[in-house]
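Peer 1: Top to bottom, those sequences are chains P and W.
Reading the first sequence from the start, the letters are residues 1 to 606 in this note's numbering.
Reading the second sequence from the start, the letters are residues 1 to 121 in this note's numbering.
Everything labelled a hint here was simulated from the structure, so no lab data went into it.
Treat the hints with care, as some may be off.
[Said to hold, decoys possible] Label pairs and their computed distance ranges (CB to CB):
| # | chain 1 | residue 1 | chain 2 | residue 2 | range |
| --- | --- | --- | --- | --- | --- |
| 1 | W | Glu6 | P | Lys349 | 38 to 46 Å |
| 2 | P | Ala27 | W | Ala56 | 27 to 35 Å |
| 3 | P | Glu71 | W | Pro44 | 28 to 36 Å |
| 4 | P | Lys31 | W | Gly41 | 22 to 30 Å |
| 5 | P | Asn251 | W | Lys8 | 17 to 25 Å |
| 6 | W | Lys111 | P | Lys349 | 39 to 47 Å |
Ideal Cβ positions, reconstructed from N, Cα and C, are used throughout, including at glycine.
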Amino acid sequence: MIRAHVLICGGTGCTSSGSKAVQDAFAENIKAFGLEEEVKLVQTGCFGLCALGPVVIVYPDGTFYSRVTPEDVKEIVSEHLFKGRVVEHLVYADTGAEEVVDKASVSLGDTAFYKSQKRIVLRNCGVIDPDSIDEYIAMDGYAALGKVLTEMTPEDVIKVVSDSGLRGRGGGGFPTGRKWALCAPNKAPQKYVVCNADEGDPGAFMDRSILEGDPHSVIEAMAICGYAVGATQGYVYVRAEYPIAVTRLQNAIAQAREYGLLGKNIFGSGFDFELDIRLGAGAFVCGEETALMTSIEGNRGEPRPRPPYPAVKGLYNSPTVENNVETFANIPQIILNGVEWFTSMGTEKSKGTKVFALGGKIEHTGLVEIPMGTTLREIIYDIGGGIPGGKKFKAAQTGGPSGGCIPAELIDTEVDYDNLVSIGCMMGSGGLIVMDEDTCMVDMAKFFLEFTVDESCGKCTPCRVGTKRLLELLDKITDGKGTLEDIDRLEELCNYIKQNSLCGLGQTAPNPVLATLHFFRDEYIAHVVDKKCPAGVCKSLLSFSIDQDKCIGCGKCAKNCPVDAIAKTDYVAPGHKLPSYAIDTVKCIKCGACMAGCKFGAISKK
Amino acid sequence: MKSLAELKAIKDRMKDKVILREGSGDVRVVVGMATCGIAAGARPVLNAFVEGVTAAKLTDKVTVSQTGCIGLCQLEPIVEVHEAGKEKVTYVKMTPEKVETVIEKHLKNGKVVTEFTVADV
């Protein structure tokens, strides 16, 4: 009789930090202690606290072990599973409370990271075994599809989705119900449902985690959508760089087929639905809906002009609904729990929750799901644990290469679609990159521009040539060769690209530049007028020097220097025995190796 | 899948297997499983609870888990029943047979089996 479950995260983050070896060690030790009949080992999807991986949860206590190594496993099995004593030194117990708590009593839901979250889309991630359709069904899986097919008309379904106020989670925020309603009346011999799992923003990984942790929720939602709009074929377009997600999805589709939850005459309703996977090769532009469909058709992934919109002429010129993974994952819950439940969360125009991938200079790198309208401060400090090393928060970047940034003075902004747009930012797919005082905003804009220059498909001139010229201007500025006129030129070109590009990629590519120009213009000016990089990032504008009175002459910097730019001088500082060292700024490549190695704080960069 | 009944059958069959992960139920049964407890026979008691609670279809209400040494080693195996808003009940010198009675009387019908409690020893 099973009395305890050991859940081990098998998401991409924890897999990279070695969760497979931990799982094997558990299997071995559970056997060694003769607990096979009492303890069940389950591999799950992402728990969210990726920075603390590999993570392990022991139920029924809900004890949360973090950074577990295969060597720790024996102790957990013998102490916790065999004797019932929580292994306190491995427990993650940051509840955000001031007083010290009894670590053994802290379960996952008590930690600061989890307690402010509202998990709808991620509700099964880290709870069920994604490779088991039975566990999904135990958590009310496919009940929404059953309800839709036996009790509701397609019009009812569209009405519920419309009334829920659900908006596209891929970034644009287009009302999902309206998208379905636009497609439904179009008559055609074949219609399609497409799931956009071509998640390409640097730093965003929520779609991957949903597919890895709860693939059936997406399959179920796509079948519901098919019923609502009259489509019988679906495609999930997922990038080949997500091997774990692809495997789990394949397995899930096979299980759903076997159970007759995909295929002919589902629930005896006469409704047929088939689902297949199409792999993308990792081009960023293929996340744009028309380029994605062109790619499914077997052509080079290039966008096409809209209108006609996909709802009228989409995949293979047939009416098509395309939604993002996270959008779909909301659908079964809305059907089961109703409009009122969903609209009780969020803000006036943005209902429900949003999943964010926290990254950058933040304590808890990972995945969080919060109600719309949560402030940035709560996300960063309460859930994310703040900025490491006591550094100051400078800005948060949202929306990846298409988004903007939220500066420190707007940290109390309530995060929803419209608030972000009103401050010149965008929700995007949910990547949230936190930056501290050591980040140069010009350099940050340059990073995203490099990305879009690489990823521009080349079809239209404003994007192909324009982003390249933008990058050259930014290079000039960070090299210290820029002028004030360059800043004006930068701004003009940004607006031109925005207005004239063919697809969303080009239209939004200048956003990182525009947003940083808006909020951090003084940094641009410092680069071109004072020829200084205030954050100390842009190498051309830096110079390293050794304070000769602090230098004790140990010579470590000279040893660390890869280009022999540091040499001994004749000067011996008062109170020191050895002559100090100095940097030849002509030879110096500004790598910072000397500074990193100096224990006496004698080296500075300006 | 031809009908909702089929889906429900799978759900019912699986529910007991995943309910452990839904966090604590209203009632928590905790078995002391330190060295003293194990030596006194806590393991069969624990297993009797797990099996009995499942058989009595109480899994959505009752969570069975273990703890370390409760401190009254001579009275082991000790079992504590925690219920929200009520005082903790401590059963001592438990056996698999006593477990059946506790499940039947206390967990099912809410009547504390006073003759097994620590107060009565």
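Peer 1: What hints, given by number in increasing order, does this structure fail?
Peer 2: Hint 6 alone not satisfied by this model.
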